[in-house]
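Number of protein chains: 2
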Amino acid sequence: MKKQTIKEVLEGYKKVLHHDITVYGWVRTFRANRFIALNDGSTINNLQIVVDFENFDQELISKISTASSLKVVGEVIESQGAGQAVEIIAKKIIILGDNFTEERDKTILQPKKHSLEVLREQAHLRFRTNLFGAVFRVRHAVSFAIHSFFNQNQFFYINTPIVTGADAEGAGEMFGVTNFDLNNIPRDEQGDIDFAQDFFGKKTNLTVSGQLEGETAAMGLGRIYTFGPTFRAENSNTTRHLAEFWMIEPEVAFNNLEDNIDLAEDFLKYVIQYVLDNCKDDLDFLDKRFAEEQKSKPEKERAKEGLIEKLENVIAKRFKRVSYTEAIEILLNSKENKKGKFAYPIEEWGADLQSEHERFLVEKHFECPVVLFDYPKEIKAFYMKLNDDNKTVAAMDVLFPGIGEIIGGSEREARLDVLKTKMAEMHVDEHELWWYLDTRRFGSVPHAGFGLGLERLVLFVTGMTNIRDVIPFPRTPKNAEF
Amino acid sequence: MKKQTIKEVLEGYKKVLHHDITVYGWVRTFRANRFIALNDGSTINNLQIVVDFENFDQELISKISTASSLKVVGEVIESQGAGQAVEIIAKKIIILGDNFTEERDKTILQPKKHSLEVLREQAHLRFRTNLFGAVFRVRHAVSFAIHSFFNQNQFFYINTPIVTGADAEGAGEMFGVTNFDLNNIPRDEQGDIDFAQDFFGKKTNLTVSGQLEGETAAMGLGRIYTFGPTFRAENSNTTRHLAEFWMIEPEVAFNNLEDNIDLAEDFLKYVIQYVLDNCKDDLDFLDKRFAEEQKSKPEKERAKEGLIEKLENVIAKRFKRVSYTEAIEILLNSKENKKGKFAYPIEEWGADLQSEHERFLVEKHFECPVVLFDYPKEIKAFYMKLNDDNKTVAAMDVLFPGIGEIIGGSEREARLDVLKTKMAEMHVDEHELWWYLDTRRFGSVPHAGFGLGLERLVLFVTGMTNIRDVIPFPRTPKNAEF
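From first to last, the protein sequence lines are chains A and B.
Using full-length UniProt numbering, the letters of the first sequence correspond one by one to residues 1 to 482.
Using full-length UniProt numbering, the letters of the second sequence correspond one by one to residues 1 to 482.
Hints should not be assumed to be uniformly reliable.
Where chains are identical, the list cannot tell them apart; a pair therefore holds if satisfied intra-copy or between any two copies.
To be verified - No more than 20 Å apart at the CA atoms, straight line, and that leaves these computed lysine to any residue pairs for SDA-like:
id: 1; residue 1: LYS295; residue 2: LEU116
id: 2; residue 1: LYS317; residue 2: ASP277
id: 3; residue 1: LYS478; residue 2: ILE185
id: 4; residue 1: LYS203; residue 2: ALA233
id: 5; residue 1: LYS478; residue 2: PHE180
id: 6; residue 1: LYS320; residue 2: ILE406
Derived from the structure by calculation, the hints contain no laboratory data.
Pulled out of the complex, with its shape left as it was, chain A reads as follows (with noise of 0.2 Å):
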């Protein structure tokens, strides 16, 4: 790339100090017909374009307002004002695009805060924003985060596929995929809808989860992972949930449970470590959001820690490592289950747990991310390997302060009869997964993996609090605008 991003001038600026450049970017404000704050997307910050404006065209000048975009060329210069090292004398302005001064006042472009829904709603217009830019960044780093991280690992990354032929894991209500004209849909004999017909010659679906098709990709590969985006048709509309969202799945040969929690801790760390070593801005800018977003909360609601804090007490603790069993004696002898505190109170070893025990457990518990281990098998899927107890199964969840679950994976059942007992007991189809048996038919290893969602990553690293604010154009109930 030839063009010079405003990041490179402004972490650069030695190399061109008194050199004449050229830099693109929007106006983010221009003050006293003089100071232009340029920004391109590439950083949070602005850089400052001084603008003489006995040099320049009366009606150029008045054409610039927020939002404008420009083409600049003038000299780099040590700023004379305090907030920046470096800024620009124009020495040549371009306006680039329209920009309609009739509706220049609408109100999304003014040059102050917009409440996140209704920025929300003008998802195309929100990339400018300063909150929006950094949290799009960083989504960038977590996501480039992951890829290094399981390439470095030798891990192979592995499109499952988006339309598949049965729900089978069960994981969540499914979204139809058709290609019928819905006035019209063929049926068969008895009358029924004759699928057959359809584009893929069966009923098909939007995948809840790769790890199926993963597990038989590690069979041979090894080492995996998945990274694409999961479908849930569940009509909830809270916070933490959207009908897609992205997902990242590995999966790897001959790891038992405990290779899979220490796969996950350093996973979580790496990305982390990887946001705070290239996010430094739009983290800074981040805390600060956080910190004053606290102040406005009831005391007792109060983050214990800011944001960026937070992120390094993750990295520098050892993650707990804690039994399903050790965490409900725990639990029953909390005050909090004593006194009735616990909307659903535990009661008994094999209480499906809540996101409530799970925030106990680790922000007044251990006061760090834990992972609960060794589940009752009842409570989790098919797929899970029996441990010797013959009550519980090799599942791990990894609870992180603030957020619960951020990843749920498991050691696979790769006893072919075990597996089978399994599924007959929870009512999956054989059939329908003839191709995931035969991977326990032939040379069937041990394995494990686990999935995390990318969302509640990046909600968890940014503290915003609404799911919908971390990805771009957000899917829900009722909303598939854009």
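Dock chain B against chain A, hints included.
Below, chain B without anything else, positioned relative to chain A:
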């Protein structure tokens, strides 16, 4: 990751020579009850395990066969035999998983060549073959190189939506996405399907391109790229079409057509160089396979270059940049056209170029990759910038030997009034694309981008001929298995 992969052992064996190590893998072959070729997917190369059968239980030895999975502890020594630098003298062998002898002779697991068609139906097992191991390791490398290139050049990864509300671009037939019970579709008072009651409150489809959303992101973040699945509901049973495939779409604010061509050329060369640098063993294997395949063809149809040679040549030469108008001149004056050799003869300026014309230009006339630009506006999409001649648009296609178009892109129409006129002419609904038009309202800027089909590039790099063989789980008409 604490476990050593076979790749690590083979590449770094000097560190572990005469030490005991532990390795894991699947048996590729077991010769003379003595030599096991062990593979763990990390590399195409096998590790030789030497078994002195006198030291092992005969029953254990008898269970080891092709596809068995093993854990082996043994001493690393320099190999006595040809073909490998190093081997392991086994001290302990553990069979890790079930391998059912009664099914052992299932054709697919025999150590022989299988047809690609058979393997496609056994997608879960083809990962264990040399060929598909190589293909999917290369696919990983291509993907990682793509992310690395964009990250280095300050692009941000943007996830554009998979489920969308509109077929605005008109790039192809779309799959419907619905949560309706197809046996009981709600109707409104007029008797029409009441999409307001569907999950998203409107008719939705699977995306055909993330470009328009990508443009809106670039209008704030400057440089972005997408990397995600796209869909076409076209009933094309060919070696070049998939119903579900992965696209990469960069978009850059302030770039014009020439910048865009430069970016495409730098990008392709970076990715191909990365694969040459990082996939030597797999490429050597694919190169040999490619050469074998050529031998079976009639001499006229054989490729002029070997696979690796072809990749090196793409990097060595500057791509030839030719306007559409020049290309038409060349084609009109070609012997091929005059003698009626083209299935679609070129008669005049304005003709849409077919694959045969593209390949003539690349393979016969210029003998190097070609970038065609400035196409007639009638044969290109509505969002491309109208040139001053009022006849052509600032479109560009990158054409590669053997494959034709590998990249298609353009400078975008940044002028609101021109864009609106174009949309009206081409019957694109303004109201559906209000948000797209908005980006031309508030600080519109020149910008440009392109699209690359990942599978096309992997086809080119691996020398495979059927696009179904370069994606792990192909989706095609009447096929959504796995």
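Now for the hints, and whether the structure bears them out:
1. LYS295 to LEU116: within (18 Å within a copy, 63 Å between copies)
2. LYS317 to ASP277: Only inside one copy: LYS317 and ASP277 sit 18 Å apart there, 38 Å across copies, limit 20 Å.
3. LYS478 to ILE185: between (24 Å within a copy, 17 Å between copies)
4. LYS203 to ALA233: Classified as both: same-chain Cα gap 16 Å, cross-chain 15 Å, threshold 20 Å.
5. LYS478 to PHE180: between (22 Å within a copy, 13 Å between copies)
6. LYS320 to ILE406: within (15 Å within a copy, 50 Å between copies)
Hint compliance for this structure: no hint is broken.
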